[in-house]
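Undergrad: Each chain, letter by letter, is given below.
There are 2 protein chains.
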Amino acid sequence: MSQSNEQQWKLLLLDALLKERREQAQQAIEEVYPYDLAKLYVELEPVEQERLLRYLDHERLADVIEELELEQQLEVLRRLDVEHAGHVMDLMENDDLVDILEELQEEEVDRLLSGMRQDEALVVRNLLTYPVETAGRLMTNRFIWVPEDFTVGETVEKMRDYIEYSETINYVYVVNQLSELVGVISYRNLILANNAERIGDVMDRKVIRVSAETDQEDVAKMFERYDLVSLPVVEGDVLVGLITVDDALDVLREEANEDIEKLAASGKSIDFETKPLIAATRRLPWLILLLFIGLVSGSIISQFEETLSKVVALAFFMPMIAGMTGNTGTQSLAVVVRGLITREVDKKVVTRLILREFRVGLIIGVTCGILIAIIAYVWQGNPILGLVVGSSLIITLIFGTLAGTIIPLILHRLKIDPAIASGPLITTLNDILSLLVYFGIATAFINHLM
Amino acid sequence: MSQSNEQQWKLLLLDALLKERREQAQQAIEEVYPYDLAKLYVELEPVEQERLLRYLDHERLADVIEELELEQQLEVLRRLDVEHAGHVMDLMENDDLVDILEELQEEEVDRLLSGMRQDEALVVRNLLTYPVETAGRLMTNRFIWVPEDFTVGETVEKMRDYIEYSETINYVYVVNQLSELVGVISYRNLILANNAERIGDVMDRKVIRVSAETDQEDVAKMFERYDLVSLPVVEGDVLVGLITVDDALDVLREEANEDIEKLAASGKSIDFETKPLIAATRRLPWLILLLFIGLVSGSIISQFEETLSKVVALAFFMPMIAGMTGNTGTQSLAVVVRGLITREVDKKVVTRLILREFRVGLIIGVTCGILIAIIAYVWQGNPILGLVVGSSLIITLIFGTLAGTIIPLILHRLKIDPAIASGPLITTLNDILSLLVYFGIATAFINHLM
Chain L
12 MSQSNEQQWK LLLLDALLKE RREQAQQAIE EVYPYDLAKL YVELEPVEQE RLLRYLDHER
72 LADVIEELEL EQQLEVLRRL DVEHAGHVMD LMENDDLVDI LEELQEEEVD RLLSGMRQDE
132 ALVVRNLLTY PVETAGRLMT NRFIWVPEDF TVGETVEKMR DYIEYSETIN YVYVVNQLSE
192 LVGVISYRNL ILANNAERIG DVMDRKVIRV SAETDQEDVA KMFERYDLVS LPVVEGDVLV
252 GLITVDDALD VLREEANEDI EKLAASGKSI DFETKPLIAA TRRLPWLILL LFIGLVSGSI
312 ISQFEETLSK VVALAFFMPM IAGMTGNTGT QSLAVVVRGL ITREVDKKVV TRLILREFRV
372 GLIIGVTCGI LIAIIAYVWQ GNPILGLVVG SSLIITLIFG TLAGTIIPLI LHRLKIDPAI
432 ASGPLITTLN DILSLLVYFG IATAFINHLM
Chain D
12 MSQSNEQQWK LLLLDALLKE RREQAQQAIE EVYPYDLAKL YVELEPVEQE RLLRYLDHER
72 LADVIEELEL EQQLEVLRRL DVEHAGHVMD LMENDDLVDI LEELQEEEVD RLLSGMRQDE
132 ALVVRNLLTY PVETAGRLMT NRFIWVPEDF TVGETVEKMR DYIEYSETIN YVYVVNQLSE
192 LVGVISYRNL ILANNAERIG DVMDRKVIRV SAETDQEDVA KMFERYDLVS LPVVEGDVLV
252 GLITVDDALD VLREEANEDI EKLAASGKSI DFETKPLIAA TRRLPWLILL LFIGLVSGSI
312 ISQFEETLSK VVALAFFMPM IAGMTGNTGT QSLAVVVRGL ITREVDKKVV TRLILREFRV
372 GLIIGVTCGI LIAIIAYVWQ GNPILGLVVG SSLIITLIFG TLAGTIIPLI LHRLKIDPAI
432 ASGPLITTLN DILSLLVYFG IATAFINHLM
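In the order they appear, the protein sequences are chains L and D. The first sequence runs contiguously to residue 461 in the numbering used here. The second sequence runs contiguously to residue 461 in the numbering used here.
Worth double-checking, as some hints may not be accurate.
Copies of the same chain look alike in the list, so a pair counts if it fits in one copy or across any two.
Said to hold, decoys possible - SDA-like mimics (lysine to any residue), calculated; alpha carbons at most 20 Å apart, straight line:
(1) K169 - N205
(2) K169 - R62
(3) K169 - S197
(4) K21 - H98
(5) K21 - V58
(6) K50 - E82
(7) K426 - T318
(8) K169 - N181
(9) K217 - D47
(10) K286 - D130
(11) K50 - R236
Read the hints as simulated data drawn from the structure, not as lab findings.
Let the hints inform the model, and build the full structure from the sequences given.
TA: Below is the structure:
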């Protein structure tokens with residue numbers, strides 16, 4: 012079915028929901044992807060939403076819920092009675108389910124889990140014990156494993172039994188008697204193998220794996236590096252779960268958003284739907300902090316009030332110098348933040364990077380400094396002013412570049428949340444730095460400036 | 012094999028390379044992943060690099076090259092003679108190969124392709140005709156397709172024949188007599204099906220597909236939405252290639268980096284390895300532009316020279332007001348840039364977003380405005396100054412928030428490269444805006460200020 016066909020089915024489904032035609036709706040539901048059903052759901056009026064929920068079978072509803080945003084997921088689960096919700100939750104990916112339950116109070120978790128099958132509920136409870144943003148939280152138990160003394164034939168048999176249950180991934184994992192992961196075989200190789208062969212003899216013994224406490228960012232990196240579609244999770248050597256590539260994609264997206272938030276200090280998890288008051292509340296702490304830091308700039312200027320009142324023209328170049336210093340700092344920051352995502356840094360790398368950025372700062376500083384010196388001279392007709400502005404810019408751009416490089420590296424080294432090294436903070440710090448340099452130089456030359 | 016085992020094999024390989032022990036090296040090579048071989052390669056001295064290249068068989072070398080950075084890929088291919096390079100290129104993913112060849116002059120492309128198998132070279136030449144950053148450029152021809160009247164048995168037979176050739180993906184695509192994509196069957200379902208059944212009867216007719224000219228960012232989005240591991244590419248309905256999830260991961264990483272570059276105006280593709288002069292050259296155009304825009308701020312201040320010389324204390328609050336306006340703009344920009352990645356925007360969304368940001372700006376502006384009014388009053392003992400600074404901040408924060416929201420939306424709408432709406436540009440524009448408002452208000456109240 013092509014996309015345009017799907018469009019027609021969506022319209023048919025909409026029509027069926029409006030006219031309360033269950034059969035037509037269920038026929039159409041079969042032809043629309045869960046992602047698109049979820050998109051449709053959020054745009055419906057409450058009464059049609061109810062109908063759609065009623066028309067979806069458990070499995071389909073589980074798929075749709077997985078595609079909704081967190082708040083809507085909660086809303087749907089709360090609309091269902093405990094038993095219905097339990098059946099649906101039995102069929103959801105456990106890692107997705109855990110993300111939802113985490114948002115709830117203990118007693119609501121208990122209530123919801125009480126509707127689930129006992130063994131499934133137990134698995135979910137176990138997942139909830141892993142720290143957030145670790146491999147343990149991303150893993151599913153819906154995959155197929157066999158002991159190494161199974162034959163190929165027995166393995167295919169087990170797959171047949173569990174086919175409804177397992178995620179659509181394409182490997183069977185092999186464990187020994189201690190439940191330790193010892194190998195893997197692709198479905199492709201299973202097809203090509205002889206039914207009588209022992210799995211232990213045809214499996215691949217090289218299996219990339221992660222331990223359950225691995226940070227999710229490192230998990231995503233492994234998917235990228237080794238071009239994986241799934242990654243088994245172990246505790247010690249014991250196989251405890253499997254992470255699939257769709258989770259790695261989500262993590263990559265999440266981590267990229269976090270980096271952008273860092274650079275903009277925009278406050279975590281503000282999106283198009285966030286309410287104004289909540290968005291404002293998330294941004295305000297940063298802004299108020301920056302306001303006070305900005306006042307430090309003001310108090311620096313006030314220290315140089317005499318200089319400034321003698322040569323008001325100095326004020327003309329203040330925003331440019333402060334702005335440029337902030338900009339170079341942000342540019343360096345971006346390079347460092349991006350670099351820290353994709354590679355490990357050792358002393359050698361850090362030294363080389365700082366040296367590189369120093370040189371960059373020098374080139375940029377000298378270029379812009381000479382340019383502004385000429386402009387200032389031509390504009391204000393004062394060669395000393397040109398010299399003061401130009402030499403200030405050279406110095407501040409070198410320092411600005413280094414600050415944008417070194418501050419995030421230090422924070423990274425100290426394992427302090429690098430969110431602190433946000434763009435606006437670097438910009439504001441560079442403001443202060445640049446004013447000190449600028450007015451310092453100007454004050455030294457004050458007699459020649461007037 | 013666990014990771015620590017691999018570490019031992021790497022050491023063994025290093026040892027074998029230093030001592031020129033071919034057999035030991037080749038044994039170790041088997042146990043180390045291509046990504047890690049590539050990492051090892053770049054750290055070797057030239058003479059050991061030569062040796063490693065010599066010890067790797069064609070297939071393994073192809074895998075290793077795919078894991079190298081572009082410059083190193085070129086270097087390795089140039090080190091090999093044409094015939095050797097050709098054999099290796101035959102075995103490389105075509106989409107990766109195309110990324111390399113694109114960097115070269117026509118005649119070097121011809122020379123390299125001349126060593127390849129004719130049919131493979133033809134496929135590569137064809138891929139080169141698709142525009143960069145489209146689905147056509149990401150696709151491979153290494154996948155398995157069968158006509159719909161094949162039986163399951165014949166399909167498994169074809170897989171057996173092409174197993175070395177196909178990427179490790181897990182679907183067989185089905186075409187009709189016109190080569191049009193009509194269905195798909197997972198390896199899993201092939202295992203479970205009866206050998207005598209016709210593929211056309213057991214395949215899934217719902218196949219998500221993209222056309223070859225689709226933007227790569229949209230391709231990555233489809234992988235995320237529909238949790239795909241592979242995505243067939245069509246022209247019209249004719250199946251022309253396949254995109255695998257590892258490419259989607261790369262695209263996501265690339266696009267995230269681009270967004271960060273946008274926000275920081277840090278200049279495309281500067282990483283830890285970029286030479287200082289090149290890094291400086293890439294950043295300078297932006298900086299010089301921003302320098303001139305910064306001078307506009309200066310000329311605005313010079314317009315208000317009289318006001319400023321009468322009340323020098325006005326200068327104390329200049330950096331804070333300009334900085335805060337820039338910060339709120341950047342915060343809004345980040346939300347918009349992130350939002351535009353993950354969702355389509357229509358008029359309704361845009362209106363709602365602008366209204367939301369207006370309200371956020373109002374809340375932030377009033378909060379910070381009142382705070383600074385009190386501070387200014389206490390600090391300078393001048394209630395009118397407090398009023399001027401506070402009311403200016405309220406107005407500039409509202410405008411700053413709106414500018415950070417509306418400018419990128421307009422650029423997006425005009426299909427102008429949103430890189431223009433970079434963080435520093437918004438910051439610098441907001442600087443100008445804030446100075447106009449601040450000095451405008453101050454001049455109006457000048458008689459009460461003195």
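Undergrad: So, for every hint listed, does it hold in this structure?
TA: Here is how each hint holds up against the structure:
| no. | hint | result |
| --- | --- | --- |
| 1 | K169 - N205 | both (16 Å within a copy, 17 Å between copies) |
| 2 | K169 - R62 | neither (38 Å within a copy, 46 Å between copies) |
| 3 | K169 - S197 | both (14 Å within a copy, 17 Å between copies) |
| 4 | K21 - H98 | neither (26 Å within a copy, 49 Å between copies) |
| 5 | K21 - V58 | within (18 Å within a copy, 63 Å between copies) |
| 6 | K50 - E82 | within (14 Å within a copy, 43 Å between copies) |
| 7 | K426 - T318 | neither (42 Å within a copy, 48 Å between copies) |
| 8 | K169 - N181 | both (14 Å within a copy, 19 Å between copies) |
| 9 | K217 - D47 | between (39 Å within a copy, 14 Å between copies) |
| 10 | K286 - D130 | neither (39 Å within a copy, 57 Å between copies) |
| 11 | K50 - R236 | between (33 Å within a copy, 11 Å between copies) |
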